[in-house]
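Undergrad: Sequence:
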Amino acid sequence: MQYWLMKSEPDVFGIDALARAPRRTTGWEGVRNYQARNMLRDDFRKGDRAFFYHSSCEVPGVAGVVKVVREAYPDPTQFDAKSEYYDAGSTREAPRWFSVDVQLERRIEPVITLLELREHETSALREMLVLKRGNRLSVTPLTAAEWRCIVALRPSVASSRAAQSTAGLRTRSKKS
DNA sequence: GCCAACGTTGGC
DNA sequence: GCCAACGTTGGC
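Mind the numbering: the first sequence is residues 25 to 200 in our numbering, read in order.
SDA-like cross-link-like pairs, simulated, lysine to any residue; straight-line CA separation at most 20 Å:
(1) Lys-31 / Glu-151
(2) Lys-156 / Glu-82
(3) Lys-91 / Arg-61
(4) Lys-31 / Ser-79
(5) Lys-91 / Gln-26
(6) Lys-91 / Asp-67
(7) Lys-156 / Ala-168
(8) Lys-156 / Ser-80
(9) Lys-31 / Arg-157
(10) Lys-70 / Arg-48
(11) Lys-91 / Asp-125
(12) Lys-31 / Asp-72
(13) Lys-91 / Gly-54
(14) Lys-91 / Asp-72
(15) Lys-91 / Arg-65
(16) Lys-91 / Cys-173
(17) Lys-156 / Glu-145
(18) Lys-156 / Tyr-27
(19) Lys-70 / Val-93
(20) Lys-106 / Pro-119
(21) Lys-91 / Glu-129
(22) Lys-31 / Gly-71
(23) Lys-31 / Arg-61
Since the hints were made in silico from the structure, they are not lab data.
Make a model of the complete structure from these sequences and hints.
TA: Here's what the structure looks like:
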């Protein structure tokens with residue numbers, strides 16, 4: 025299993041929006057960078073875990089854990105002339121851009137802030153791409169060691185996970 | 001195929 | 001709003 029970090033701007037689509045989405049699942053659409061595209065298309069596997077990272081906002085940081093529930097398929101927004109992600113140069117026969125589906129597994133509360141991550145940037149998180157200046161990749165791989173280091177910053181995860189699955193059940197039963 | 005100009009990203 | 005970093009574009 026692989027670990028990832030996926031960036032999203034909470035003003036556009038944040039952890040709250042994901043928590044409210046049907047099945048707490050979303051297509052990761054709109055990636056228009058070839059390096060990130062290649063990872064989504066070639067390397068993302070069902071069952072991989074990713075941190076949901078809030079960027080370009082007041083408190084940048086890791087806001088949750090998501091699970092890859094569907095592997096790469098053509099990003100539908102590239103064919104939608106009304107979408108801001110529309111790409112006139114892409115065809116259905118040879119799609120240029122790909123999405124995966126991710127499902128919210130648990131929130132991380134409070135958010136693990138970028139400042140907090142930076143406390144480890146000279147040791148355990150030395151290689152972490154999101155900490156490097158000018159990193160613009162919206163999707164980056166993490167090592168298992170980096171994943172463990174970040175998860176360990178919120179030792180209360182076990183209890184909050186239980187509380188959340190209860191909350192999730194309540195939400196679902198309200199809908200049905 | 002080089003490279004300057006330009007646009008976007010994202011932390012601060 | 002600033003600015004550094006970096007990908008993309010387009011002229012040559």
